Amino acid sequence: MQDLKTVFKSMYGNKYAIQLLSIFVFVLLWYVFVVAAREGILSIPIFRLSDIPTPYETGFAFINSLFTEQHGPVISHGLIDHTVASLTRVVEGFLVAFIVGVPIGLVVGYSKLAENVLSPVIEIMRQIPPMAWIPIALFVFIYGRVIFIVFIGVVFPLILNTSSGVKSVDPKLIESAQTMGANKPQILTKVIIPASLPSILTGSRIGLGVGWMCIVAAEMLADIPVGLGYHVWNMAYIGRYAEMVSTMCVIGLIGYLMNGMIQVTDGRLLKWR
Amino acid sequence: MALVANNLLKKFDDFTAIEDASFVVEDGEFVCILGPSGCGKTTLLRMIGGLDDIAGGEILLGDRSVSGPGSDRGFVFQEYTLFPWLNAQKNVEFGLEIQGVSRDERRRIAERYIDLVGLKGFEDRFPKELSGGMQQRVAIARALANNPEILLMDEPFGALDAQTRNLMQAELLRIWEKEHKTILFVTHSVDEAVFLADRVFVLTTSPGKIKQIVEISAKRPRIRTDIEVNKIRDKLLSLLNVKYEESFGD
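From first to last, the protein sequence lines stand for chains A and B.
Quick note on numbering: the first sequence equals residues 1 to 273 in my numbering.
Quick note on numbering: the second sequence equals residues 1 to 250 in my numbering.
The hints are simulated quantities; they were obtained by calculation from the structure and are not laboratory data.
Heads up, some of the hints might be wrong.
As the list claims (entries may be wrong) - No farther apart than 27 Å at their CA atoms in a straight line, the calculated lysine-lysine pairs in the DSSO-like style are these:
#, chain 1, residue 1, chain 2, residue 2
1, B, LYS209, B, LYS178
2, B, LYS178, B, LYS11
3, B, LYS219, A, LYS172
4, B, LYS219, B, LYS231
5, B, LYS231, B, LYS211
6, A, LYS271, A, LYS167
7, A, LYS172, A, LYS271
8, A, LYS5, A, LYS112
9, A, LYS5, A, LYS15
10, B, LYS90, B, LYS178
11, B, LYS90, A, LYS167
12, A, LYS271, B, LYS235
13, A, LYS271, B, LYS231
14, A, LYS172, A, LYS190
15, B, LYS120, A, LYS190
16, B, LYS178, A, LYS271
17, A, LYS167, A, LYS184
18, A, LYS15, A, LYS112
19, B, LYS178, B, LYS211
20, A, LYS172, A, LYS184
21, B, LYS178, B, LYS120
22, B, LYS235, A, LYS172
23, A, LYS172, A, LYS112
24, B, LYS120, B, LYS90
25, A, LYS190, A, LYS167
26, A, LYS271, A, LYS15
27, B, LYS219, B, LYS235
28, B, LYS231, B, LYS209
29, A, LYS167, B, LYS128
30, A, LYS190, B, LYS128
31, A, LYS184, B, LYS90
32, B, LYS219, B, LYS178
33, A, LYS167, A, LYS112
34, B, LYS219, B, LYS11
35, A, LYS112, B, LYS209
36, A, LYS172, B, LYS128
37, A, LYS190, A, LYS112
38, B, LYS90, B, LYS128
39, B, LYS211, A, LYS190
Keep in mind the model is a prediction, meaning the values are calculated, not measured.
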């Protein structure tokens, strides 16, 4: 008992240990509840807890469905393939949104005229949820339907964060540059863009998060044979719930990792803050 | 190079901020513009710096009329205006980079001015890692690195604590004597003007006008409590209409 106490004491203050413990406890509770439901010890009236796969079953399904298999003419894609497909689409959609959104955000933030011209359209369009664009994407686009949905999800947070970043650039910094002889293009590239970089990165992080949510939903509806969203739905459809839940876990983990990666990038690029 | 202002006028709608401002700042001279807050002294300096447009009159630098900001007039602001994403070295190099000066040349010039303001060894620090006084030293180096004809300073030590402020005043005089730059320095502090200036332009409030030009011939380094210095301080205070009864309130 004394040993356990010292273990807890040394963990206190070690945030990684606490975070790992938190995940462990969550998985343990998941296991206990499902098993208790299946044994008839626990029953919740409106909730069929016993139908949920246990963590063990989920992990087993995860390992078993990692790789693509071919049975005669039938190809069943593995989780790795689904993940690569979804990630590729998100990265493509994100890049297009970045190339389009950052310049629009810069212009809207910099020029009052551009703001008056563009912001009503942007403000109305951004209220339309990315999911609501799926039907139109399905019949208008021949290629890149899902990428388009990701684009919609990413581009608005990126435009808004970039433009608010530009607007909050300290005017005194611009004046300083002017007194050193900087012209307008130089003020843009050497003052406004570096000063707005934190906001652009925040927009990227939010956008990537939204984009990742969009991809899963879009793949569910767009009827493409590979992708994590498609896989979740397909596994549910054929009643393989353990595979379904393991795919959900993969979606969550990858979103978490992407967010972490951008935070690391932020820290590297913004060490002056 | 001498700076000449002829009948400068500045209006904000109906309000006349600056009227009939005419003066000459001689080459290599240190001039303070002194006035109460709200008298338009900062506006006057910004007009000369090209940051505020002028409603009338003319500004000559040497024999050349100037309008709009330019690297021939270095500007040091009251606020900390270093680029926070650039280290001290890169901040000082900023203007040179804008002018297309080569990398080696930039580095050489920046090092010289960082050394001049006493910050050797701090080249790699970002502004957030520097104290207020150090940031203003870098700002002075940054303005000087562009080799301006005149240095315009808008209460550059206003945000510093009293000790640092006194130290920076002495440092500025040392730099000025070494570089032989013309300096036009805005302040609301009589003590600061008396310590620094060859001549003081005393401004009145609304409209901002030059009420009187006071010459300070006291030798440098000036002792802040010297009798001669105190006489000038009294004269400036009376010009500013500072009455002791008033400063104690009603």
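Outcome of the hint check:
Straight-line distance between C-alpha atoms of LYS209/B and LYS178/B comes to about 32 Å, which puts the hinted pair past the 27 Å bound. Distance restraint check for LYS178/B and LYS11/B: the Cα-Cα separation of roughly 38 Å exceeds the 27 Å cut-off, and the hinted pair is therefore not satisfied. As the CA atoms of LYS219/B and LYS172/A are separated by approximately 36 Å, the hinted pair breaks the 27 Å bound. Distance hint between LYS219/B and LYS231/B is fulfilled; the C-alpha atoms sit about 14 Å from each other, no more than 27 Å.
As the CA atoms of LYS231/B and LYS211/B are separated by approximately 19 Å, the hinted pair is consistent with the 27 Å bound. At most 27 Å may separate the alpha-carbon atoms for a hinted pair to count; LYS271/A and LYS167/A meet this at roughly 22 Å. The suggested pairing of LYS172/A with LYS271/A holds, with an alpha-carbon distance near 22 Å, which does not exceed 27 Å. Only pairs whose Cα atoms come within 27 Å are accepted, and LYS5/A paired with LYS112/A is rejected, the gap being roughly 62 Å.
As the CA atoms of LYS5/A and LYS15/A are separated by approximately 17 Å, the hinted pair is consistent with the 27 Å bound. The straight-line distance between the Cα atoms of LYS90/B and LYS178/B is roughly 23 Å, inside the 27 Å bound, and the hint therefore holds. The hinted pair formed by LYS90/B and LYS167/A meets the criterion: a straight-line CA distance of about 24 Å does not exceed 27 Å. For the hint linking LYS271/A to LYS235/B, the alpha-carbon distance of about 51 Å lies beyond 27 Å, and the restraint is violated.
Between LYS271/A and LYS231/B, the direct Cα distance comes to roughly 51 Å. Violation of the 27 Å bound is thereby established for this hinted pair. Taking the CA atoms of LYS172/A and LYS190/A, the gap is near 14 Å; set against the 27 Å cutoff, the hint holds. Taking the CA atoms of LYS120/B and LYS190/A, the gap is about 25 Å. The hint holds against a cut of 27 Å. As the CA atoms of LYS178/B and LYS271/A are separated by approximately 36 Å, the hinted pair breaks the 27 Å bound.
For the given pair, LYS167/A sits about 16 Å from LYS184/A by alpha-carbon distance, which is consistent with the 27 Å threshold. For the suggested pair LYS15/A and LYS112/A, the alpha carbons sit about 46 Å apart, so the restraint of at most 27 Å is broken. Among the hinted pairs, LYS178/B with LYS211/B is inconsistent with the structure: their alpha-carbon atoms are about 31 Å apart, more than 27 Å. Taking the CA atoms of LYS172/A and LYS184/A, the gap is near 15 Å; set against the 27 Å cutoff, the hint holds.
Restraint check for LYS178/B and LYS120/B: the C-alpha separation of about 17 Å stays at or below 27 Å, so the hint holds. For a cut-off of 27 Å, the pair hint linking LYS235/B to LYS172/A is broken: about 35 Å separates their Cα positions. Distance restraint check for LYS172/A and LYS112/A: the Cα-Cα separation of roughly 19 Å lies within the 27 Å cut-off, and the hinted pair is therefore satisfied. A hinted pair counts as satisfied when its Cα atoms are at most 27 Å apart, and LYS120/B with LYS90/B qualifies at roughly 14 Å.
Between the alpha carbons of LYS190/A and LYS167/A the distance comes to roughly 16 Å, so the proposed pair stays at or under 27 Å and holds. With a C-alpha separation of about 22 Å, the suggested pairing of LYS271/A with LYS15/A holds against the 27 Å cut-off. Taking the CA atoms of LYS219/B and LYS235/B, the gap is near 18 Å; set against the 27 Å cutoff, the hint holds. At most 27 Å may separate the alpha-carbon atoms for a hinted pair to count; LYS231/B and LYS209/B meet this at roughly 24 Å.
For the proposed pair LYS167/A and LYS128/B, the alpha carbon gap of about 22 Å is at most 27 Å, so the pair holds. Among the hinted pairs, LYS190/A with LYS128/B is consistent with the structure: their alpha-carbon atoms are about 19 Å apart, no more than 27 Å. For the hint linking LYS184/A to LYS90/B, the alpha-carbon distance of about 20 Å falls within 27 Å, and the restraint holds. Between LYS219/B and LYS178/B the CA atoms are separated by roughly 17 Å; this keeps the pair inside 27 Å, and the hint holds.
Of the supplied pair hints, the one linking LYS167/A and LYS112/A holds, its CA atoms being roughly 10 Å apart against a limit of 27 Å. Straight-line distance between C-alpha atoms of LYS219/B and LYS11/B comes to about 39 Å, which puts the hinted pair past the 27 Å bound. Restraint check: the Cα-Cα separation between LYS112/A and LYS209/B comes to about 35 Å, which exceeds 27 Å; the hinted pair is violated. Only pairs whose Cα atoms come within 27 Å are accepted, and LYS172/A paired with LYS128/B is accepted, the gap being roughly 17 Å.
This hinted pair checks out: LYS190/A and LYS112/A have alpha carbons roughly 21 Å apart, not beyond 27 Å. Among the hinted pairs, LYS90/B with LYS128/B is consistent with the structure: their alpha-carbon atoms are about 14 Å apart, no more than 27 Å. For the hint linking LYS211/B to LYS190/A, the alpha-carbon distance of about 42 Å lies beyond 27 Å, and the restraint is violated.
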